[in-house]
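Asks: Mind docking chain L on chain X? Use the hints.
Residue numbers (my numbering), protein chains in the order written: chain X, 1 to 171; chain L, 1001 to 1588.
These are computed hints drawn from the structure, not numbers from a lab. On a predicted model such as this, the values are computed, not experimentally measured, just so you know. If a hint is listed, it holds; no wrong ones were tucked in.
Residues of chain L clear of chain X, computed beta-carbon distances all greater than 12 angstroms:
#, residue
1, R1176
2, A1235
3, A1340
Facing chain X, a subset of chain L residues (Cβ under 7 angstroms, in silico):
#, residue
4, I1003
5, L1009
6, C1094
7, H1095
8, R1096
9, R1316
10, G1317
11, R1319
12, V1320
13, F1322
Cβ atoms here follow ideal geometry from the backbone N, Cα and C, with glycine treated the same way.
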Amino acid sequence: MTALFMRPVRHLAQVFVASDSPPQVAAGFTVGMMIGLLPKGNLVVLMLTVLLCGLRINKPAGLMAAGLFSLVGLLFDGLAHQLGALVLVWDAARPFYVWLNDLPLGPWLALNNTVVVGQLLIGLYLAYPIYWFVQQFVVIAQPRLTKWLMRYRIVRWLRGAELGSHWGVDA
Amino acid sequence: MKIIRWTYLLPRLAIVLALGLGFRWGLDPLLQWALISGGESTVGAKVEVASLETSLRGGTLVVRGLAVANPNAPLRNLLEAEYAELKLDVDALCHRRCVVQDGRLSGMRFNTQRSTCGLLEVAPEGADESPSFVDPWVESANQFVTAWLDQLDDRLRSDFTAELKTLQIAKQLEQRWPEQYAELDARVKSLHSRSNQLEEGFREVRKNPLRNLAALQDLQAQLLTAQTELKSLHAQVAELPRQAEADRQAVLAARQQDEKFIREQLRLTDFNEEGISQTLLGQPAAESVATALDWLAWARNKIPSAKAKRHAQRSRGTRVLFSPTKPRFLVKQLQLEGTAQWGAQSIALTGSLCNASSEPQLLSEPTRFELRSTGAGQLDIVVTLDRRTLEPHDHLRIACPQFSLPGQTLGSPEKLALAISPSAARLDVDLALNDNQLSGHITLGQSSLALKPQQGALGNKHIAAAFEHALSGLVEWNATVHIAGTLQEPQINIESDLGQQVASGLRTACKQLLRQRADALLAHTEQQVEARLQSLHQIRAEAEQQLLARMGEGEQIFGQLAALSRSGNSRLTIPQLSRSLRSPTLRK
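Next up, chain X with everything else stripped away, as it sits in the complex (with noise of 0.2 angstroms):
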């Protein structure tokens, strides 16, 4: 019961003590940003979440960063609309929108919504960058930090309430 509540907290400090490669996290963190950017409610998110749960990519830092640009992705959502008007009236890729639009659970991509599309342009664009500069951070900063961190009494304990649920110690 006590990890469960302590699970935020622990992940918090597993984006720097963890043991996950800076790859790992930079992925976690630039598909939690496009998590975090898209408007919710359609087959993107769902797939993006799979994708950050389902691979061995740092959840942690893409549950951070989904909460991150969820609020900043709202400032975003003009020139989002903006973006995906341009792209969605394009004629030459209009048949392109309708045979994706024809797919079946199609419509539920809401890949015809202008600023679903504009995010989601936003957060492509955005992702080598992002990606690149995590990694660079957490390359850095990780040894760093772990070594900072691990000097308190408080993060070893969870990190050792960490190694003790996964061997299934309820701490």
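Replies: Coordinates of chain L only, in the frame set by chain X:
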């Protein structure tokens, strides 16, 4: 390093699979619940489904034992169907739309009996208890018939004897003639008395003629006066036959007046053929129209229109449409099979429901409902509901060239009512509802029918017999109900030859009835008058004879006295006087 976290994914996939299986097994009860809930909220009465099976692979939905209660009749079912199979478009389901590409609804029955109450526990908004639009109309027609029947009854019961001129004149004559006779008799008696006095006077004068010379001259003057009076009486008595003739002419004239008066009094106001049609057909027709319009209003209220407000989308951004918007729910085609009670017979029906949708404004074709009979009686029902524009257009067409109609009673049993025997009938309904404006007609005809007036209701057996006789020739009639106005305030007008035929028969029968009544009254009056006149004539003749006899005596005396008075320049000489006074008359 393995990129996929199988330890995470596999348990979740197992959970998803379990959820999928649970959904599959729970889908049927879920859909059954959704069908019942949706149906009840739409119809406003209980909806029952015995079982429901789905096949996701084939996209089929099978419903058994469907019963939709009638919201206006708790123990009746609006529709009952044994079996329904719907072929769903799986692709459309993936697009968040429910499209029934093809379907079959069989074992349909309408207006069947229910064992339990079909009302929902939470009753819908209270029904409108305001009086129906037909009430004043039917009341007006009933008032007309009541007034007419009362008038007829009054005419037949009234006794005009006291108002007849002939009898009045006969009474006047009976009263006048004794007075006149008494006056003449008095004058004759007076004259006779005066003759006696004159005779007495002359006897006195005879005793001493010379001394009574002056008295003699006075008697002579009185004699002249009496003679004049006698002449006058003669003239009056001689006038009596002419007066009797004048009286007879007056009686004849009065009789003519009486005949005219009686005919006038027994004349009924002319038959209002339209009124009779409205009375006989008004209530059933108006009630049928009201029921049909109630259902139409109910259906219009339930069927979504283009005016319906779209729910605002709460999602961020704008949806770009790459293909025309399609309705969320659509029944492309649904084959219908069932039976219905039509008139007095049960008929097998087949038909179809096409383009029924939750957003009919998005369709290129209007919703169309067709039912056709396949058995003996021909019946075509076509309902078109067009919601493609802002103004809804509905059209109802029912054509049934022949069907059996059970016996029924038209009109009010308390007033003018006709019992109609079971007969063949035909029906044609063409009703359009454009926005809120009604237009159209309902034509109903009956043939091979027998009409009989309600014996107990009419009261007067003569009238009942006349009606029965009048209606014996009526074997066929047609009626057209013209409908206009709005759905809330419809106006109907009935055109029918039923009123004309009934009126024609009644006119003949009532004329005959009233003529008999008039003839009987006149004959009775004439009999009375004739008896009185006969009696009067007899009395008059006897009186005339008596008067003449009495006047004859006086005339003789006056003649002798006058003969004496006329000789010698109106002066009597002594010898003349002596002879005169010795005459036998004066010796009496």
